[in-house]
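Asks: Based on these hints, arrange chain R on the given structure of chain Z.
In the order they appear, the protein sequences are chains Z and R. Under full-length UniProt numbering, think of the first position of the first sequence as 1, with each following residue one higher. Under full-length UniProt numbering, think of the first position of the second sequence as 1, with each following residue one higher.
Hints in this document: simulated from the structure, not taken from any laboratory.
You can't tell identical chains apart in this list, so a pair holds if it fits in one copy or across any two.
As a list, the in silico BS3-like pairs of lysine-lysine whose alpha-carbon atoms are at most 30 Å apart:
id	residue 1	residue 2
1	Lys215	Lys257
2	Lys249	Lys175
3	Lys176	Lys249
4	Lys222	Lys7
5	Lys257	Lys27
6	Lys130	Lys249
7	Lys258	Lys144
8	Lys164	Lys249
9	Lys202	Lys161
10	Lys164	Lys175
11	Lys88	Lys7
These figures come from a predicted structure and were not determined experimentally.
2 protein chains.
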Amino acid sequence: MLREQDKPVGVFDSGLGGLTVVKELTKILPHENLVYLGDTARVPYGPRGVETIKRFSEENTRFLIGENVKAVVIACNTSSAVAADFLKSTFPKIPIFEVISSASNEASRGTRSIGVIGTYGTVGSHAYAKNISKNLSRTKVIEKACPLFVPFIEEGEIGSKALKLVAKGYLSELKKQKVGTLIMGCTHYPIIKNIISETMGKGVTLINPGKSVAKEVFDFLKKNNLLNRQKKKGTADFYVTDLTDRFTKVAEMFLGKKIKNDLKIARLTK
Amino acid sequence: MLREQDKPVGVFDSGLGGLTVVKELTKILPHENLVYLGDTARVPYGPRGVETIKRFSEENTRFLIGENVKAVVIACNTSSAVAADFLKSTFPKIPIFEVISSASNEASRGTRSIGVIGTYGTVGSHAYAKNISKNLSRTKVIEKACPLFVPFIEEGEIGSKALKLVAKGYLSELKKQKVGTLIMGCTHYPIIKNIISETMGKGVTLINPGKSVAKEVFDFLKKNNLLNRQKKKGTADFYVTDLTDRFTKVAEMFLGKKIKNDLKIARLTK
Numbered sequence: 001m002l003r004e005q006d007k008p009v010g011v012f013d014s015g016l017g018g019l020t021v022v023k024e025l026t027k028i029l030p031h032e033n034l035v036y037l038g039d040t041a042r043v044p045y046g047p048r049g050v051e052t053i054k055r056f057s058e059e060n061t062r063f064l065i066g067e068n069v070k071a072v073v074i075a076c077n078t079s080s081a082v083a084a085d086f087l088k089s090t091f092p093k094i095p096i097f098e099v100i101s102s103a104s105n106e107a108s109r110g111t112r113s114i115g116v117i118g119t120y121g122t123v124g125s126h127a128y129a130k131n132i133s134k135n136l137s138r139t140k141v142i143e144k145a146c147p148l149f150v151p152f153i154e155e156g157e158i159g160s161k162a163l164k165l166v167a168k169g170y171l172s173e174l175k176k177q178k179v180g181t182l183i184m185g186c187t188h189y190p191i192i193k194n195i196i197s198e199t200m201g202k203g204v205t206l207i208n209p210g211k212s213v214a215k216e217v218f219d220f221l222k223k224n225n226l227l228n229r230q231k232k233k234g235t236a237d238f239y240v241t242d243l244t245d246r247f248t249k250v251a252e253m254f255l256g257k258k259i260k261n262d263l264k265i266a267r268l269t270k
Numbered sequence: 001m002l003r004e005q006d007k008p009v010g011v012f013d014s015g016l017g018g019l020t021v022v023k024e025l026t027k028i029l030p031h032e033n034l035v036y037l038g039d040t041a042r043v044p045y046g047p048r049g050v051e052t053i054k055r056f057s058e059e060n061t062r063f064l065i066g067e068n069v070k071a072v073v074i075a076c077n078t079s080s081a082v083a084a085d086f087l088k089s090t091f092p093k094i095p096i097f098e099v100i101s102s103a104s105n106e107a108s109r110g111t112r113s114i115g116v117i118g119t120y121g122t123v124g125s126h127a128y129a130k131n132i133s134k135n136l137s138r139t140k141v142i143e144k145a146c147p148l149f150v151p152f153i154e155e156g157e158i159g160s161k162a163l164k165l166v167a168k169g170y171l172s173e174l175k176k177q178k179v180g181t182l183i184m185g186c187t188h189y190p191i192i193k194n195i196i197s198e199t200m201g202k203g204v205t206l207i208n209p210g211k212s213v214a215k216e217v218f219d220f221l222k223k224n225n226l227l228n229r230q231k232k233k234g235t236a237d238f239y240v241t242d243l244t245d246r247f248t249k250v251a252e253m254f255l256g257k258k259i260k261n262d263l264k265i266a267r268l269t270k
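So that you can see chain Z by itself, here it is in the shape it has in the complex (with noise of 0.2 Å):
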């Protein structure tokens, strides 16, 4: 049986963009054991409702437990948004992250009046603005769905014309109200973050909630003594709920390196 600081660490996420988040915590734990779920059967949860996205994410909670993980970390934005209550206190047993309170609490460290970009279920759920108010009752809070990023970037459309455009547009309220920090509040943000940096201007600090949330598990698995202490990198799986020909490639992406196993299916049980 394995001792409980050398079981894998859990990710989930309602697709590939969570490899965002992935690769964040491979860059702080490099000696861990990841195994990553993407719901790229159901995949966007953005426009879903809370019950379905509630759902889903105890789905695939269940299936990383099954993978006998020592944690699970929800990559997906709109699921910590909309879940991870619900979760925490469904699977009482296991810590769960969520990348909204870790984006929220170093968001807060600032003292300027912060943005948040996401998707519709993510802004609409207010869940940043409500983390942050914890933290700073008076700091002004403004929101901004851009769905239209995450099409573009599963595209590869990343440097376009076009996404210039709707980037402007979507920016130019949080730029007029000169907002000092921005939460990229979607795992496929951090992919286009120059093209953000350049249309909010110079002097904006951007957030990249898989960052913040890393750091987090770091320093959880290290106070309760369950870092891995293996030698070697850790090793990823990685799973899916379907799996097409694009995949791969648009998850090397989100990755930012080559993934040397596979993509598996996972079968998820309600």
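Replies: Just chain R, lined up with the frame of chain Z:
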């Protein structure tokens, strides 16, 4: 018990885009009662694998049969391309119509080279090209996936400069190859037919598969004495597998008019 002719016509789609097909059915068959199912919990089908699309389509068809329909129309191009034969053999007792062969037959009446635009799923299946080659073995068929059209349309960003740039990029090869007839192989595209038409230039005939299949359904019902003889206008029931606030607005955009009865949640069985 209802007479066969008094039963409704069932229509399913991966989401709400199929309402452009309902719009065409209502025009040519104003006295038919319709039951629509949009699988909004699992939209889009375009990027999903073949087996997944077949399974989802089977569940949708089963739901409509449970609603006592006299015929099933597959509004979704991806599902038509990938799952129509499978559905016809799984449900041999119910007449099943789909948009691909209907639109291919209509396009084949011209003598010029034919273009097809659609999702990755539809274009990758080459279903239109295969159907057209049955009629016209020598006609050149040029297919092009236009994956960003759907998100632009669903965002209501249908007149933006960014969309025009995207359209110009997607359609440039079709234009260069002097396509004479262009099949709009995705339920959403009729919403931006003006932009497609302007981008392609004068003299290009656009084919709306929803219109093609509606004519075929009309012919079938008439020939088989199955037309609903009621004097009043037909009713329409709209079911979705997931419901959020934005859906009614988006649904009305596709349908081109206000929805009288609320959208209802459908529970699918496997």
